[in-house]
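A.B. asks: As a plain string of letters, each chain reads:
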Amino acid sequence: MGSSSGRILVDDARQVRRVRYPIWVFFVVPLTALLIQIYLPLFQTLRFVAKIDLPLLVTIYFALMSRSQIRGLTIGLMLGLAQDSFSRFYIGMYGMCKTMVGYFAASVGMQFDVEHSFVRVMLCLVFYIFHQFLYWVLQRAVLDQAVVFDLPGEAILAVVNSLIGAALFHFLDKLRIRE
Amino acid sequence: MESLLHRYRNITVLFVAIIAQLAAVAYQVRRDNDVPLLRIWAVSAVTPVASAIENLRSGTFGVFTDFFSAHGSRDQSRALRTDRDRLKLENQLLKNELAEAQQAGTLAGFKAHSPSKMIGARVIGTTTGMNSRSILIDSGYFAGVRKGMAVVTPDGILGKVLEVYPSASQVLSVTDAGFAAAVESQKNHTRGVLKGMGSSSAKVDYVPDGQKVEKGETFFTSGDDRIFPRGMPVGKVTSVEGGAAFQTIYVEPFGAEAAPEEVFVIVDPVHQEIPDAAPADAPVFMGPDTKGAEGASGSATQGKGTQADQIVEQYRKIGAAQNHVYGEGTPGSTAPNFNLKVPGASAVAAGASGAVGVSGFVRRTPRLLGASGMTGAHSAISGAARGASGGVSKP
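Order-wise, the sequence lines are chains U and Z.
The numbering used here runs 96 ahead of the 1-based position in the first sequence.
The numbering used here runs 6 ahead of the 1-based position in the second sequence.
Some hints here could point you the wrong way.
As the list claims (entries may be wrong) - Calculated pairs, SDA-like style, for lysine to any residue (alpha carbon to alpha carbon, straight line, at most 20 Å):
1) Z:LYS201 to U:VAL244
2) Z:LYS218 to Z:GLY248
3) Z:LYS201 to Z:LYS221
4) Z:LYS221 to Z:SER245
5) Z:LYS201 to U:ALA242
6) U:LYS147 to Z:MET203
7) Z:LYS221 to Z:GLY184
8) Z:LYS218 to Z:SER205
9) U:LYS147 to Z:GLN328
10) U:LYS147 to Z:ALA183
11) Z:LYS153 to U:GLN241
12) Z:LYS209 to U:LEU136
13) Z:LYS201 to U:PHE267
14) U:LYS147 to Z:GLY204
15) U:LYS147 to Z:SER205
16) Z:LYS209 to U:SER183
17) U:LYS147 to Z:GLY184
18) Z:LYS123 to Z:GLN82
19) Z:LYS201 to U:LYS270
No wet-lab data here; the hints were simulated from the structure.
This structure is a prediction, so every number in the text was calculated from the model and none was measured.
Taking the hints into account, I'd like the entire structure generated from these sequences.
C.D. replies: Below is the structure:
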C-alpha cells in the first residue's frame, strides 16, 4: 500500500511487477486461515468467524499479487479443495469456485493497481459476491439443491469480508520479500 | 498449433481444472458421497494440530486462571459462597426430583432396560461451508465410532455422525439444514420430523393441523429413525403456527444452545420412556431444608463436588456394602437394598436412590436435566459416565 501511486488502473500490464514471498508463506498462511475457520467458531463468542471466508481472502490476495493466472488458479484450487475436505459437501464445489476466483483475480491484478486500498476493498467485495453466487449456481445446477441466494445477507457479509480482507492484505504485505 | 496452445494456455488450464473437479463431484454424487482419500488426508493432517491447539488453549487458560485466582482470592471466596448457596438450592431441587421420580413409579421403566453405551469425545473443530453446521470430534474409527451413530450431550441430542475418519469424526449438527430426526412431543405425544434450518433453531415438520402442540412443550426423540434412542431430550417449542395441512413448529434445540466441549457418541442405543411431567420450568415446591439434610449437605460440601456427586458416592457405598456392582445383573434381578443403613450414606440418598439404583445414572439424564438444567446434575451424570469406564457410560 505504501508503494501505491494513487492511480487505480495501470498503464501497461507488462510493467507490473510480480511480488515475491518466502516459500513458507504459501504453506503457513493458507493453513492458518483454514485452522482459524475450523477452530475459532467453536467458541460461543467467536461464532461469527465462520462467516468470514478467510481461505477466499487468502486466495484473492495471492492471486492478485502473483499476477499470474496459472498461479492464481492453482492457489484457489488448493485452498478450495482443502476447504472442501473439511466441509460436509462434495469435494470440488469450493475447489471450482476458488479456482475461478483465483484465475480472475490474477487477471484483474494485471489491470489494476492492487496496492491501492480502495481497489482491494472493491475487489474483495466483488469476488466475494462472485464466489457465493458461483457456489449457489453450482448447488442448483450440479447438485439440484433448492437453495435460496440471500442477496441482502450476502451483500452485508461481502462488505464485512472486504473490510477484513483489506486489513488482512495489509498484514500479508509485510511478509513479502523486499527488493 | 503450438503457438495457439501457448496463447490459450491459461484458459486451457482453467478449463481442465474445472472439468476435473466437475468430474470429481459427479463421481461422488454417483457413489453417494463415498469418502475420498483427499478428505481423509486433510482431516488426519489437521486433527493433531487442532488437538494440540486445544490442549495449548486449555493449558494456557489454566495458567491464567491460577494466576488470577491467586490474586483474586477475596473475590473467589465471595464467588464460592455464592456458588455454595446456588448449589444448595440446586441440590434441594435435585432431591425433590429424585423423590418425585420414585413416587411416579418410573423405576420399573428404567430397570427394565440397560443404559445406552456411549463413547466420550472432545470437540476439536467446526467444518467449513455455507449454511453448514457440523463439528469435528476427536474420536474416529479406531475408537469405535461408525457412520450414522447418534451424538448427544447431557443437555440433549447434538447430531449424528456424518463421516468417520481414523482418528476423528464429522458430526452433522441438529441445526444443520440437512439434519432430520424423528421426534415426539412430551405432553401430547405428537409425532413429527425434526429438521435443521441452518440457523440456531430447528423446526418440526409433518405435524397435521389437528394435532395439539403447545408453546414451551418439550420434544423428545421417538426412536422411529433408529438412530437416536427414544426419550432423549431434543428441544423446547418456541412457536407454533397453523398451516394449510401441517403446522409450522419451531424448536430451540437443547444440545445446540451452548458450544459443547465434550460430547458422547451412542454406540449401543437403548430406548427409554419419555417422562410424563414437564421437565423444564416445572414449579417444584421447595420446603425449608431440614437440619439433618443441612448436616448431610454440609458434610457433603466439605467432601468433593456437588451434593449430586455425594449422592453418587453414597450409592457406591451402599452397593459396596452389599457387594453389588452397578451395571451388572439382568433385568428383573434382585436390586440392592437402598434403605440399608451404611455409615456415610444419608437417609435422603438412600430413599431417593431407588429411582436410579440398579442401572446407573445416564438413563436419568432427560428427567434430571429437564427438570433442573443444573450443573450439579450434569456433573453427577457425566462424572458417573466417564468415571466408571473411561468415557463409557455403563458402570
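A.B. asks: Work down the list of hints and note, for each, if the structure agrees.
C.D. replies: Going down the list of hints, with the structure as the test:
1. Z:LYS201 to U:VAL244: Roughly 17 Å between the alpha carbons, so the hint for LYS201 of chain Z and VAL244 of chain U holds.
2. Z:LYS218 to Z:GLY248: Holds, at roughly 11 Å.
3. Z:LYS201 to Z:LYS221: Roughly 18 Å between the alpha carbons, so the hint for LYS201 of chain Z and LYS221 of chain Z holds.
4. Z:LYS221 to Z:SER245: Given pair LYS221 of chain Z, SER245 of chain Z holds - Cα atoms ~6 Å apart, limit 20 Å.
5. Z:LYS201 to U:ALA242: holds, 15 Å
6. U:LYS147 to Z:MET203: holds, 16 Å
7. Z:LYS221 to Z:GLY184: violated, 25 Å
8. Z:LYS218 to Z:SER205: violated, 25 Å
9. U:LYS147 to Z:GLN328: Judged against 20 Å, a Cα distance of about 57 Å means the pair is violated.
10. U:LYS147 to Z:ALA183: holds, 16 Å
11. Z:LYS153 to U:GLN241: Judged against 20 Å, a Cα distance of about 23 Å means the pair is violated.
12. Z:LYS209 to U:LEU136: violated, 27 Å
13. Z:LYS201 to U:PHE267: violated, 42 Å
14. U:LYS147 to Z:GLY204: This hinted pair holds, its Cα atoms lying about 13 Å apart.
15. U:LYS147 to Z:SER205: holds, 12 Å
16. Z:LYS209 to U:SER183: With a Cα-Cα distance of about 23 Å, the restraint between LYS209 of chain Z and SER183 of chain U is violated, given a limit of 20 Å.
17. U:LYS147 to Z:GLY184: holds, 19 Å
18. Z:LYS123 to Z:GLN82: With a Cα-Cα distance of about 38 Å, the restraint between LYS123 of chain Z and GLN82 of chain Z is violated, given a limit of 20 Å.
19. Z:LYS201 to U:LYS270: Since the Cα atoms of LYS201 of chain Z and LYS270 of chain U sit roughly 47 Å apart, the hinted pair is violated (cutoff 20 Å).
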